[in-house]
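One-letter residues, chain by chain:
Number of protein chains: 2
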Amino acid sequence: MPREPKLDENNSALLTESFRTSLPLPSLLDPGFEDALRHVLSNPGSMVRPRMVHRVGSAYHLDPESAHNVAIALEYFHTASLIFDDLPCMDNALERRGAPCVHVEFGEATAILSALALINRAYALIWRAVAACPQDAQSHITTYIEKRLGVEGLLNGQSLDLHYSTLPHTRETTERVARGKTVSLIRLTLVVPAMLGGAPAREIQLLERIAVCWGLGYQAIDDLKDVLQSTSETGKTAARDELLDRPNIASAVGVCAAVERLERLLHVGDLTLHRLLLRRPALSFLSKLRGDLERELRQVTDSACEMAEEGISRTRS
Amino acid sequence: MPREPKLDENNSALLTESFRTSLPLPSLLDPGFEDALRHVLSNPGSMVRPRMVHRVGSAYHLDPESAHNVAIALEYFHTASLIFDDLPCMDNALERRGAPCVHVEFGEATAILSALALINRAYALIWRAVAACPQDAQSHITTYIEKRLGVEGLLNGQSLDLHYSTLPHTRETTERVARGKTVSLIRLTLVVPAMLGGAPAREIQLLERIAVCWGLGYQAIDDLKDVLQSTSETGKTAARDELLDRPNIASAVGVCAAVERLERLLHVGDLTLHRLLLRRPALSFLSKLRGDLERELRQVTDSACEMAEEGISRTRS
Numbered sequence: 001m002p003r004e005p006k007l008d009e010n011n012s013a014l015l016t017e018s019f020r021t022s023l024p025l026p027s028l029l030d031p032g033f034e035d036a037l038r039h040v041l042s043n044p045g046s047m048v049r050p051r052m053v054h055r056v057g058s059a060y061h062l063d064p065e066s067a068h069n070v071a072i073a074l075e076y077f078h079t080a081s082l083i084f085d086d087l088p089c090m091d092n093a094l095e096r097r098g099a100p101c102v103h104v105e106f107g108e109a110t111a112i113l114s115a116l117a118l119i120n121r122a123y124a125l126i127w128r129a130v131a132a133c134p135q136d137a138q139s140h141i142t143t144y145i146e147k148r149l150g151v152e153g154l155l156n157g158q159s160l161d162l163h164y165s166t167l168p169h170t171r172e173t174t175e176r177v178a179r180g181k182t183v184s185l186i187r188l189t190l191v192v193p194a195m196l197g198g199a200p201a202r203e204i205q206l207l208e209r210i211a212v213c214w215g216l217g218y219q220a221i222d223d224l225k226d227v228l229q230s231t232s233e234t235g236k237t238a239a240r241d242e243l244l245d246r247p248n249i250a251s252a253v254g255v256c257a258a259v260e261r262l263e264r265l266l267h268v269g270d271l272t273l274h275r276l277l278l279r280r281p282a283l284s285f286l287s288k289l290r291g292d293l294e295r296e297l298r299q300v301t302d303s304a305c306e307m308a309e310e311g312i313s314r315t316r317s
Numbered sequence: 001m002p003r004e005p006k007l008d009e010n011n012s013a014l015l016t017e018s019f020r021t022s023l024p025l026p027s028l029l030d031p032g033f034e035d036a037l038r039h040v041l042s043n044p045g046s047m048v049r050p051r052m053v054h055r056v057g058s059a060y061h062l063d064p065e066s067a068h069n070v071a072i073a074l075e076y077f078h079t080a081s082l083i084f085d086d087l088p089c090m091d092n093a094l095e096r097r098g099a100p101c102v103h104v105e106f107g108e109a110t111a112i113l114s115a116l117a118l119i120n121r122a123y124a125l126i127w128r129a130v131a132a133c134p135q136d137a138q139s140h141i142t143t144y145i146e147k148r149l150g151v152e153g154l155l156n157g158q159s160l161d162l163h164y165s166t167l168p169h170t171r172e173t174t175e176r177v178a179r180g181k182t183v184s185l186i187r188l189t190l191v192v193p194a195m196l197g198g199a200p201a202r203e204i205q206l207l208e209r210i211a212v213c214w215g216l217g218y219q220a221i222d223d224l225k226d227v228l229q230s231t232s233e234t235g236k237t238a239a240r241d242e243l244l245d246r247p248n249i250a251s252a253v254g255v256c257a258a259v260e261r262l263e264r265l266l267h268v269g270d271l272t273l274h275r276l277l278l279r280r281p282a283l284s285f286l287s288k289l290r291g292d293l294e295r296e297l298r299q300v301t302d303s304a305c306e307m308a309e310e311g312i313s314r315t316r317s
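Sequence order for the protein chains is A and B.
With my numbering applied, the first sequence corresponds to residues 1 to 317, in that order.
With my numbering applied, the second sequence corresponds to residues 1 to 317, in that order.
Please keep in mind that the hints were generated in silico from the structure rather than gathered at the bench.
Take the hints with a grain of salt, since some may be wrong.
Label pairs and their calculated CB-CB ranges [stated by the list, open to error]: (1) Gly254(B) to Arg38(A): 29 to 39 Å; (2) Thr21(A) to Asp136(B): 24 to 34 Å; (3) Pro100(B) to Arg240(A): 28 to 38 Å; (4) Pro64(A) to Ala93(B): 38 to 48 Å.
Glycine is no exception: its CB is placed at the ideal position from the N, C-alpha and C atoms.
Let the sequences and hints guide you as you build the complete structure.
Structure below.
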């Protein structure tokens, strides 16, 4: 029997190729649709989430094929959500990943159908992974996935984002958006391979808490960069989020309070990570991710300090 | 224990209520999103498909709860496909089921999110039904569902429909569209409850053939009505499909050839139905559906005759 290529979570080329080939295109496919799908499948992201899925799966001895199905499925869900987000009626973006958005290149209708094709395939891939589980564990996992993707998760986050101008601009609101839009996918990435691998409930809980802390943290970092970079670059241009009235925790509560919140989230995340690694040393790759977050945090706090100093200088002069 | 209401496939009120309540709306849902979802869930169709699912399920002793989950799921998939079809970038419809389309009432973005919410929930409901199956039967059923909904089914049909003007206007093309758009859902309706109920492979095959014959037949009847009613009503107004260059078998091959094709499809369907009912008399409700199709066929052939006679009269005068 020929040796199957090893589904190495670190092998980006292999993951990229899997992303491209995990949605088979039938011969009788409408040519316009086929072109759009080939375009989408040839423009993957950085594959950071699929790598994380593999590493979590590996820590719980999940079979590599199931881990791979989940990895590609989540990346398909994410890509589909980006296609929808970029539509004229949503964020109205023109470019994504350095290329024209799908709706710009192929029209809105074909973009929507392409996203739906990814979603259909993603559910099928997830089911394959779930079907390999003991039957009494299946419904718990599928319910979890449904909640993160649906009206309690990703979709609600996107809706709140769209309607933000009608909602109170508070930390709570911006975090409700982030919990939907950003945190849902991170939770799925860390938790689904663990559940499929039969992780104990306590470790699932800890992984969830890390996902929420880091997810909200990543969003807060993004928000702070949006506010701080504009100010430091020009001193005049309003932050893009504020200009477009997009959810932004730093705009909602101010830079200082946002930094405090971020530091608090990372601190809780650190305590949780420590507990988790005592139980599951094989998840030590998470420390490296925490290291990446730390660098981002330093950049943002340095910018915040600069801004504070400039403010003080202007006051004095 | 309180007696559960009987999931009577004939109880339209119960099915309509299930349609309304089978997508639970969480308390933290964005208000704009909630309004749209309530609107969608309160405007169901005729529930003919859910009734069919229950009756097929009953013929194969499928537990009523699973039948019900499939019934509502398929109706959610269908409703979602209508929401997408009505969008400005697709068919650009303004009204549906006697009410403003979702995108007209709530905006395109919220319409899209509502459709995605239905899809997410539909997959979860289908999965519940599949999870109750023996594990070795699960992947066959989920693969079948994936194919009917995805790039080999519904989505390809919709894409071909959108791009029809660029394709040869032949019977083959119009039937490729119909196989995707119309036939996919009928196949799912007849076949999924049978598969879940453990139907023998031969009966699945016969159900599939009936679904294809009647699905193409229903579409041909629709197409013929579009052509014949315009002509008989005004003698001048071009058929709407032809005006908009939409797939229409009668426009593609002419009324006579389309009627011949329709009669051929129904004939093959009849032979198949006969074989199936010998094996599974409990599916006799299908004869009633065939009766409904017969009435439609008579109307259309009567109109075709009228038109032929008018044509002969004009030639003579």
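Hint by hint, here is what the structure shows:
1. In this structure, Gly254(B) and Arg38(A) meet the distance hint of 29 to 39 Å, their C-beta atoms being roughly 37 Å apart.
2. Between Thr21(A) and Asp136(B) the Cβ separation comes to about 27 Å, which falls inside the hinted range of 24 to 34 Å.
3. Checked against the given bound of 28 to 38 Å, the beta carbons of Pro100(B) and Arg240(A), roughly 34 Å apart, stay inside it.
4. Between Pro64(A) and Ala93(B) the CB atoms are about 47 Å apart, so this pair conforms to the stated range of 38 to 48 Å.
The structure meets every hint from the earlier list without exception.
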